[in-house]
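S.K.: Residues per chain, in single letters:
2 protein chains.
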Amino acid sequence: MRNKLTLYDLAAAEDDRRFSPCCWRTKMALAHKGLPHEAIPWRFTEKDAIAASGQGKVPVLVDGGATVADSWAIALHLEKSYPHLPSLFGGSSAMHLTLFINDWVDRVVLPALAPILAVDILAHLHPKDRQYFRATREKVYGRPLEEVSADRATRVVAFRNLLEPLRTVLRKQSFVAGDTPAYADYVPFAAFQWARCISPFKLLDQHDPISSWRLRMLDTFDGLAHRAPGYPV
Amino acid sequence: MRNKLTLYDLAAAEDDRRFSPCCWRTKMALAHKGLPHEAIPWRFTEKDAIAASGQGKVPVLVDGGATVADSWAIALHLEKSYPHLPSLFGGSSAMHLTLFINDWVDRVVLPALAPILAVDILAHLHPKDRQYFRATREKVYGRPLEEVSADRATRVVAFRNLLEPLRTVLRKQSFVAGDTPAYADYVPFAAFQWARCISPFKLLDQHDPISSWRLRMLDTFDGLAHRAPGYPV
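Chains as they are written, first to last, in my numbering: chain A, 548 to 780; chain B, 548 to 780.
Quick caveat, the hints were computed from the structure, so don't treat them as lab data.
Be careful, since some hints might not be right.
To be verified - Below 20 Å or equal to it, Euclidean Cα-Cα: the simulated EDC-like pairs (lysine to aspartate or glutamate) are:
| id | chain 1 | residue 1 | chain 2 | residue 2 |
| --- | --- | --- | --- | --- |
| 1 | A | Lys627 | B | Asp726 |
| 2 | A | Lys686 | B | Asp617 |
| 3 | A | Lys719 | B | Asp726 |
| 4 | B | Lys719 | A | Asp617 |
| 5 | A | Lys719 | B | Asp698 |
| 6 | B | Lys551 | B | Glu561 |
Said to hold, decoys possible - On the chain B side, residues computed to face chain A include the following (Cβ under 7 Å):
| id | residue |
| --- | --- |
| 7 | Asp617 |
| 8 | Trp619 |
| 9 | Leu644 |
| 10 | Pro712 |
As the list claims (entries may be wrong) - Calculated Cβ distances over 10 Å to all of chain B for the following chain A residues:
| id | residue |
| --- | --- |
| 11 | Glu693 |
| 12 | Thr701 |
| 13 | Lys719 |
Small disclaimer: the values here were computed from a predicted structure and weren't measured.
A virtual CB, placed ideally from N, CA and C, is assigned to each residue, including glycine.
Make a model of the complete structure from these sequences and hints.
M.R.: Right, here's the structure in full:
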């Protein structure tokens, strides 16, 4: 009998608005493996609830006796623990190469997107999380979040330019991983799902090849990502 | 019996100074496959010599009756034609993911590096290529090459920042492709080999994890890249 899987999943004021880009990586990975799970709504300030993970951020996956934090570690855990279910990567070489895409999203895409979304995230947060979010982020940016997001009409131009490697690949193949999506798609897609869940701001031109891929990704797994509460894209 | 392989390889004034980043991708790929080849020095203005390829750039590989242009097309040709020799990618999924890294280098790394190297390339070129190089590049930049490279002390800071995804991966694994190098390493390495062959300008801090990887790559295939005429790194 399979373990019950539990995911601590970042939520906004409403329980069902789940916006974390790293949690979306894990939710897409669980769907890829066909693993049902219970997703527990979690707020930034509920550090006690995930204390067993030895750190203070989600996603945290509890799989039987194992508590795993960090989306990449969770992906490796799922691949190793459920080798008979569809591979997240497509082999060992592909796993190493997916790490590059994972790190490209972490180092390039998310940092460019975060200031664009900052005010909209703040507006959606549970009241008990707002001061925490404002204080931690304003410490990084050195100015009020309202100012950080104020120039997003300019920032989004730079954001679109940064996506050029993804755009180039998606002109040549349907998914980053080839003909069918895999973890190399879930990681960049989760960044767009973060935006969709929390912000009405238009990120992409509709003629951008990334827009078509985003729609294909929203439809994947019977519209898993599309069914989540969010804004039109 | 195996076909004789011939590669048209961009050369500077001296026949043995071969600096093209895209030709270096192919030379590393041929070494990975263990395929000997004859590399013919070729200059930018010798369009007639590669007319059979239907375009005007190198690398061009002639493999028996096949003439293949474009480094990515050549990599796919080698993988398909010599499936019993070591794989350049490590499987079909890995091939699709390597394309992302290929496009990241094409769209992010090379455009940031080209202006840093421009004056040094010009200085090394065969006299018959200089006017062609200057005219085509100055049309892109809209100003003299000397001006384009003048601010390279500033440009290199931005260049190093752009490499952050590569740096992050190389903190976690020895090569982009994992424990041993593959085409996903040759593509970014070839950009650094371009620089090494043509320019004394220091690109990386010696403590950068990318520097250690670059040295490992220089040593690969019995020091193939290290033996090529170039500047100390």
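S.K.: Which earlier hints turn out false for this structure, listed by number in ascending order?
M.R.: 2, 3, 5, 6, 7, 8, 13
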